[in-house]
Each structure stands twice: as structure tokens, then as C-alpha cells.
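Student: Listed below are the residues making up each chain.
2 protein chains.
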Amino acid sequence: MSLDGFVAGANQSVQEPLGVGGERLHEWVTSLATWRRAHGMEGGDVNESTRVLEQEIANIGATIMGRNMFGGHPGAWSATDPWKGWWGRNPPFHHPVFVLTHHAREPLVMEGGTTFTFVTDGIESALEQARAAAGERDVQIAGGATAVQQYLAAGLLDELYLHTVPVILGAGERLLDGVGDPALEVVDVVNGPGATHVKYRVVR
Amino acid sequence: MSLDGFVAGANQSVQEPLGVGGERLHEWVTSLATWRRAHGMEGGDVNESTRVLEQEIANIGATIMGRNMFGGHPGAWSATDPWKGWWGRNPPFHHPVFVLTHHAREPLVMEGGTTFTFVTDGIESALEQARAAAGERDVQIAGGATAVQQYLAAGLLDELYLHTVPVILGAGERLLDGVGDPALEVVDVVNGPGATHVKYRVVR
Chain C
1 MSLDGFVAGA NQSVQEPLGV GGERLHEWVT SLATWRRAHG MEGGDVNEST
51 RVLEQEIANI GATIMGRNMF GGHPGAWSAT DPWKGWWGRN PPFHHPVFVL
101 THHAREPLVM EGGTTFTFVT DGIESALEQA RAAAGERDVQ IAGGATAVQQ
151 YLAAGLLDEL YLHTVPVILG AGERLLDGVG DPALEVVDVV NGPGATHVKY
201 RVVR
Chain Y
1 MSLDGFVAGA NQSVQEPLGV GGERLHEWVT SLATWRRAHG MEGGDVNEST
51 RVLEQEIANI GATIMGRNMF GGHPGAWSAT DPWKGWWGRN PPFHHPVFVL
101 THHAREPLVM EGGTTFTFVT DGIESALEQA RAAAGERDVQ IAGGATAVQQ
151 YLAAGLLDEL YLHTVPVILG AGERLLDGVG DPALEVVDVV NGPGATHVKY
201 RVVR
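Just so you know, the protein sequences line up as chains C and Y, in that order. Mapping the first sequence onto our numbering, position 201 (from 1) lands on 201, and the numbers just tick up by one. Mapping the second sequence onto our numbering, position 122 (from 1) lands on 122, and the numbers just tick up by one.
Since the hints were derived computationally from the structure, they do not count as laboratory data. Worth double-checking, as some hints may not be accurate.
A pair counts as met if it fits within one copy or between any two copies, since identical chains are not told apart.
Stated by the list, open to error - Taking lysine to aspartate or glutamate pairs in the EDC-like style, the calculated list, with each CA pair at most 20 Å apart, reads:
#1 Lys-199 with Asp-188
#2 Lys-84 with Glu-56
#3 Lys-199 with Asp-4
#4 Lys-199 with Asp-177
#5 Lys-84 with Glu-16
#6 Lys-199 with Glu-48
#7 Lys-84 with Asp-158
#8 Lys-199 with Asp-158
#9 Lys-199 with Glu-42
#10 Lys-199 with Asp-121
#11 Lys-199 with Glu-56
#12 Lys-199 with Asp-138
#13 Lys-84 with Glu-111
#14 Lys-199 with Glu-54
#15 Lys-199 with Glu-159
Since the structure is predicted, the reported quantities are computational estimates derived from the model, not experimental observations.
Build the full structure now, drawing on both the sequences and the hints.
Tutor: Below is the structure:
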């Protein structure tokens, strides 16, 4: 998230999926050796943020994301060449991923253990399916902003993990609009190079 | 600042100067023994935020604030009973304070070393006067949001110290609107109870 609360810049598109300046929000993670290895690349940094990323992914058994994060284009799927995500043939999830969408589609089985399942009957259904798939492990709401907002507003999040980057975008997609006033408390703070990581627990 | 970027809630008024919910942004500081002593009260907490507050005030030689933070009401000053600030006869500043306003007024000398000087010829003039008054010490832009925005946008801030509270206000006065895209880097992170304190340096 930028200092002014945006998780993507203005004018998101297939060419610029994170919008104007949005890539700057991810530099802290894309520079990490752990992230690069998971995406089939060599090299990279090991620093305070490494532990944050490793803990964040260690116990995830299923991921939920919005249609816009899965990406490609809005509206119905192409019948001839449907969008298969941003991540190539072997996406870095390696577990079941549930995509919130208004447009039904058969599950998409990728290499390496990632299957995209398209859920058209709402966030609670997606959560139920993700929980069943994750078993004892955690379910992650990966994004985008709208998906996080819906789960937070519905009282379905246990934790909110914000990685704040010292960048002011000025425009784009705000993470915390329209989520009501959940009671939160800080459970962890890590000062990584390029991002401040703060984990919040939703108090019930 | 709230998690969603507000430094005051909606509907600010003389009765509720920080707007709806805005007091919750200051609880971390008003509960500190250091803050309470400075405001003539006994008791209070000593914790990780104590060092933050003490370091923040230790080297301040002059303060600049906007008219709305000085408060009372918008428009011209009352001729018979002009507003004298929120802080009583002995304000907690104990150094020269420069108030940005469109309405000229004689300086207001309070007890304990605080003098309010009303500056009508702009932020650079106020900064020049504050620097002269502070000598070797620092000048603090205390607030509100508009004053901070003007100095940040003009490239006149050296540091930005954000105290982020795990509260989502949903509406109010945003701190970082319209400030452009200054290059910032984190210089200090403290996890206090009730607020995460992050000091940013403006890179030139």
C-alpha cells in the first residue's frame, strides 16, 4: 500500500496491471530472493522482509482473489482464447486459487499444483470452498482492493497484513474504502528496506 | 493518522475539533505521562511511545500551524472576544508559534513562553520567521492537514513523522492529498501501544 492508501495506481490495464506507479508498491517483494525463486528467477536480496514473506506464505493452503487481480479484461471470458492469469504456465501459488467473478467458467488446472476455480455465487461461497481446500492451513485473500474490502466489511477477515511503501501515488485504487470500522490491533511490526510491514488482528 | 489516511474525522466543529472519531487518533499520546505532565495533568503511561514523544518535542524551537488547528471558527477574528486557542492560558508549546491565516491580528502573548504570531503573507514567510525564532533548533509543522500538505508540496519539509493508529475513520480530512510525489525514505519505526510511529526523511 502507498502512504496515501492506494494498492494500485490510476489507469490499470493489461499493459500496466498495477496502474501508473503501481509497480513501485511491489519492489520490496520482487527484489527478494524468496520471491524470485518462487517465480523461477535467480538472485535477489535476503533481508528483514524475507521473514515477512516466508511467514506470509508458509501456512497458506488456498488463495482467494478478485477477477481484476486474476486479470486480463473485464466482462465475459473469451470463448477461443480465455485469459489464464498473469503468471504463466506454472503460477507461484501451488495450491487452489478461487477467483471471484460474475462470469462462470470451468476450473483451470495449471502446472505445479495451482488450480483456478471460478466462483460466481459470492464471497461466502468462495471462502467456504477455500477453507475446505485449505484444510488446517490458512486462506489468503490476495487482493485486489475490492475483494479485501468485501471480506473485511463482512467481518470475515481474521488478520490484515499491510506492507506500506514510502511512496505517494495521489490516485488509484484505495484499499480501505467502504469497510466500516472494524476493531483492529497491531500484532507485528517489521521495518524492512522499502516497506514497513504491520500485521493487524481483527478483534471480535 | 488513521489507517485510511485521515488526521481528523468528518464534521469538525468547536464542540468536536477533531471531527467524528478523531479523538481516537490521539489516545496513544494523551494517555502518556509525558503528554499529561505538559498539559498540567498527573498520571499516565510510560511506554515505547514515550521516547517518540520526548524525541519529537526535545529539539523544537518554533511551531507552525494552520488557522483551523489554532481553531475556533473560520473567517475574521472577533473584535470583542478573539479566539485564543484550544490550550488555555498556559499552552504546552513554551516557544513561538506561527499561525497561518488570511486574517491579520496582533501577536498574542500567553503564559509560559508561548506567543502566537499570526502570519498572513504565506507559508514561506511563516517558515522564515519560525526559523529565525527557533535559532539552532527545529521548526515543527504541527498541522492540520492543509498546512502539512502545503509545506510538503512546496518541498519545504525535511522529515515527515506519521503516527498511524489502527482505526478506520472512513471520512474526514486526509493528510496526504495533493502533495505530489516527494521521494521519501524510512528513518525510524517504533511499535508503540496504540500507534505505529514511522519517521520519513524527504530525499533531495
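Student: Please go over all the hints and tell whether each is borne out by the structure.
Tutor: So, going through the hints one by one against the coordinates:
For a Cα distance limit of 20 Å, the shortest separation of Lys-199 from Asp-188 qualifies both inside one copy, at 5 Å, and across copies, at 18 Å. For the homomeric pair Lys-84 and Glu-56, neither the shortest alpha-carbon distance inside one copy (25 Å) nor that between copies (51 Å) is at most 20 Å. Taking the shortest alpha-carbon separations for Lys-199 and Asp-4, both the intra-copy value of 18 Å and the inter-copy value of 15 Å come in at or below 20 Å. When the C-alpha separation of Lys-199 and Asp-177 is checked against a cutoff of 20 Å, the pair qualifies only within one copy, where the shortest distance is 18 Å, while the shortest distance between copies is 25 Å.
With identical chains, the CA atoms of Lys-84 and Glu-16 are at most 20 Å apart within one copy only, with a shortest distance of 17 Å there and 52 Å across copies. Taking the shortest alpha-carbon separations for Lys-199 and Glu-48, both the intra-copy value of 15 Å and the inter-copy value of 18 Å come in at or below 20 Å. Neither within a single protomer nor between protomers do Lys-84 and Asp-158 lie at most 20 Å apart by alpha-carbon distance, with minima of 30 Å and 46 Å respectively. When the C-alpha separation of Lys-199 and Asp-158 is checked against a cutoff of 20 Å, the pair qualifies only within one copy, where the shortest distance is 11 Å, while the shortest distance between copies is 28 Å.
Proximity of Lys-199 to Glu-42 under the C-alpha cut-off of 20 Å is found in neither arrangement, the shortest distances being 29 Å within a copy and 33 Å between copies. In this assembly of identical chains, the alpha carbons of Lys-199 and Asp-121 never lie at most 20 Å apart, being 30 Å within a copy and 44 Å across copies at closest. For the homomeric pair Lys-199 and Glu-56, the shortest alpha-carbon distance inside one copy (10 Å) is at most 20 Å, but the shortest distance between copies (25 Å) is not. With identical chains, the CA atoms of Lys-199 and Asp-138 are at most 20 Å apart within one copy only, with a shortest distance of 15 Å there and 33 Å across copies.
Taking identical chains as interchangeable, the C-alpha atoms of Lys-84 and Glu-111 lie at most 20 Å apart only when both belong to the same chain, with a minimum of 12 Å there against 70 Å between chains. For the identical chains of this complex, Lys-199 and Glu-54 are intra-copy neighbours only, at 14 Å inside a copy versus 26 Å across copies, given an alpha-carbon limit of 20 Å. Taking the shortest alpha-carbon separations for Lys-199 and Glu-159, only the intra-copy value of 7 Å comes in at or below 20 Å, while the best inter-copy value is 25 Å.
The structure fails to meet hints 2, 7, 9 and 10 from the earlier list, while all remaining hints are met.
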